[in-house]
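Peer 1: Letter by letter, the chains look like this.
Protein chains: 2
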Amino acid sequence: MSTFGVLGTGAVGQMIAGKLIDLGHEVLMGSRTMDNEKALKFAGSFPGKSFNGLFADAFQFSDIVFNCTHGVASLDVLRSVGKENLRDKLLIDLSNPLDFSHGMPPTLSICNTSSLAESIQSEFPELKVVKALNTTWCGIMVNPGMIGGGDHNTFVSGHDESAKQRVKEILVSFGWMEKNILDLGDLTAARGMEMYLPLWLRIWGATKNGAFNVKIVS
Amino acid sequence: MSTFGVLGTGAVGQMIAGKLIDLGHEVLMGSRTMDNEKALKFAGSFPGKSFNGLFADAFQFSDIVFNCTHGVASLDVLRSVGKENLRDKLLIDLSNPLDFSHGMPPTLSICNTSSLAESIQSEFPELKVVKALNTTWCGIMVNPGMIGGGDHNTFVSGHDESAKQRVKEILVSFGWMEKNILDLGDLTAARGMEMYLPLWLRIWGATKNGAFNVKIVS
Numbered sequence: 001m002s003t004f005g006v007l008g009t010g011a012v013g014q015m016i017a018g019k020l021i022d023l024g025h026e027v028l029m030g031s032r033t034m035d036n037e038k039a040l041k042f043a044g045s046f047p048g049k050s051f052n053g054l055f056a057d058a059f060q061f062s063d064i065v066f067n068c069t070h071g072v073a074s075l076d077v078l079r080s081v082g083k084e085n086l087r088d089k090l091l092i093d094l095s096n097p098l099d100f101s102h103g104m105p106p107t108l109s110i111c112n113t114s115s116l117a118e119s120i121q122s123e124f125p126e127l128k129v130v131k132a133l134n135t136t137w138c139g140i141m142v143n144p145g146m147i148g149g150g151d152h153n154t155f156v157s158g159h160d161e162s163a164k165q166r167v168k169e170i171l172v173s174f175g176w177m178e179k180n181i182l183d184l185g186d187l188t189a190a191r192g193m194e195m196y197l198p199l200w201l202r203i204w205g206a207t208k209n210g211a212f213n214v215k216i217v218s
Numbered sequence: 001m002s003t004f005g006v007l008g009t010g011a012v013g014q015m016i017a018g019k020l021i022d023l024g025h026e027v028l029m030g031s032r033t034m035d036n037e038k039a040l041k042f043a044g045s046f047p048g049k050s051f052n053g054l055f056a057d058a059f060q061f062s063d064i065v066f067n068c069t070h071g072v073a074s075l076d077v078l079r080s081v082g083k084e085n086l087r088d089k090l091l092i093d094l095s096n097p098l099d100f101s102h103g104m105p106p107t108l109s110i111c112n113t114s115s116l117a118e119s120i121q122s123e124f125p126e127l128k129v130v131k132a133l134n135t136t137w138c139g140i141m142v143n144p145g146m147i148g149g150g151d152h153n154t155f156v157s158g159h160d161e162s163a164k165q166r167v168k169e170i171l172v173s174f175g176w177m178e179k180n181i182l183d184l185g186d187l188t189a190a191r192g193m194e195m196y197l198p199l200w201l202r203i204w205g206a207t208k209n210g211a212f213n214v215k216i217v218s
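Quick note, the sequences are listed as chains A and B, same order.
Note that our numbering has the first sequence beginning at 1, numbered continuously upward.
Note that our numbering has the second sequence beginning at 1, numbered continuously upward.
Just chain A, same shape as in the assembly (with noise of 0.2 angstroms):
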């Protein structure tokens, strides 16, 4: 048993508190304020297992913390809970800089030069922040045997070695094979992993199905 902070209440950091806490794990789901609904009922859920409290909070309760905020609100999450409160705790970052504010096609907040993953970590030295399950919808990430007996690749990329190390063990344990989680390198690769996005959403509108994943032939 361990535990996980996990930012934002959407249905990313639901469907990952919802893993976490059927693998045995405690888990604080963080909010803007205490009374987001989302976050109350997923605390009521499992008495003893779950919590909810202040964005803030997911980092007191552990050291590891998905970030499931939208991407272009991250930064700004990560501002509130101010830097004090980051030093050493690993962030495990699923969010795509999407930004819907000029209509369909979303187009990405950062990218190219840097990438959200980066921005972050550049902007919080004092975090560890890997690249991860940012290139599937969120019920695959939990569940990649859902498709294709669950042979297909996910990636990572951070520029710290053991902290890598870590969430390649929780992907395991979410259910990804070793040999499909594919460690990029250090954490310009996100770059990479976040502009894959326009291409996911094109192949979701021509399939009409989100629950894809890429394998990688060779």
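None of these hints come from the bench; they were simulated from the model.
Just so you know, these numbers come straight off a predicted model, no measurement behind them.
Check the hints yourself; a few may be wrong.
Reference excerpt, derived from the structure (chain A facing chain B, CB under 8 angstroms, subset only) [to be verified]:
#1 M34
#2 G103
#3 T107
#4 T113
#5 G145
#6 G148
#7 G175
#8 T188
#9 Y196
#10 R202
#11 N213
#12 V214
#13 K215
#14 S218
So these bits of chain B aren't anywhere near chain A, every CB distance computed over 10 angstroms [what the hints assert, rightly or not]:
#15 E26
#16 M34
#17 T113
#18 F174
#19 N213
C-beta: ideal position from N, C-alpha, C; glycine also.
Could you slot chain B onto chain A? The hints should help.
Peer 2: For chain B alone, kept in the frame of chain A given last:
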């Protein structure tokens, strides 16, 4: 037997031209000058089947031209051909706007709110631009069977349906299975196809093997 033009004499242009000759077609490889060494060698290799010339000659020679120039040079190449020579021609755009001028990793000179293919289409509305084949190493473009029994995906996008249909037929003649050629819709999908390149480059870097592709699992 059909005729095709190929713009560019690099690895991609040579691979495409060679495959077209293999399939029994006639090909003119266009370049900046009449004395381009690679184009002359190609022209001499299959007498009566392979020819060389200027970029503009490729469009004189055929109604279907592959753009295999460097992405950052493609617009200048087409400007040198002249709008009057591009009317109703089909341009199959294989290029990626990779900018190596700031070192490694390359950035994209156009992305997010547009793409190379859209930039070409916008400046030359008389062309029918179809984006295709830009998501794999050129060896796989013309020989998909070399990996995974040929069972992996390639993408097409473009505004003109009949032009896209013609490109799909060409891809099938190259060995792509029809079920694996995913039509992503209009040419705005070229953003996703080109923005996949940073991920492609990191997968190549991590696996040390450029002879890979992705298969959509669902």
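Peer 1: So is N213/B really clear of chain A, every C-beta pair being over 10 angstroms apart?
Peer 2: Its Cβ does come within 10 angstroms of chain A, the nearest being 5 angstroms, so this is violated.
Peer 1: A closest beta-carbon separation below 8 angstroms is what the hint needs, so does G148/A meet it against chain B?
Peer 2: Constraint on G148/A satisfied, holds at 4 angstroms.
Peer 1: So, as I understand it, the hint says G145/A touches chain B; can you test that by seeing if any CB pair is closer than 8 angstroms?
Peer 2: 11 angstroms, violated
Peer 1: Regarding the hint that T113/A lies at the interface with chain B, is the smallest CB-CB distance below 8 angstroms?
Peer 2: 6 angstroms, holds
Peer 1: Is the interface hint for K215/A satisfied, with its Cβ closer than 8 angstroms to some Cβ of chain B?
Peer 2: 5 angstroms, holds
Peer 1: Can you verify the interface hint for V214/A: is its Cβ closer than 8 angstroms to any Cβ in chain B?
Peer 2: 4 angstroms, holds
Peer 1: A closest beta-carbon separation below 8 angstroms is what the hint needs, so does G103/A meet it against chain B?
Peer 2: Check failed: Cβ of G103/A comes no nearer than 12 angstroms to chain B, outside 8 angstroms.
Peer 1: Is it the case that F174/B keeps its Cβ farther than 10 angstroms from each residue Cβ in chain A?
Peer 2: For F174/B, whose nearest Cβ neighbour in chain A is about 17 angstroms away, the distance exceeds 10 angstroms, so it holds.
Peer 1: Taking the closest Cβ pair, is N213/A under 8 angstroms from chain B?
Peer 2: 5 angstroms, holds
Peer 1: Check the non-interface label on M34/B: least C-beta distance to chain A beyond 10 angstroms or not.
Peer 2: The assertion about M34/B holds, with a minimum of 37 angstroms to chain A.
Peer 1: So, R202/A near chain B? Judge it on the closest CB pair being under 8 angstroms.
Peer 2: At about 4 angstroms, which falls below the 8 angstroms cut-off, the nearest Cβ of chain B leaves the hint on R202/A intact, so it holds.
Peer 1: Taking the closest pair, is the beta carbon of T113/B still more than 10 angstroms from chain A?
Peer 2: Label violated. Min Cβ-Cβ 6 angstroms, cutoff 10 angstroms.
In summary, the numbered hints that this structure violates are 1, 2, 5, 7, 17, 19.
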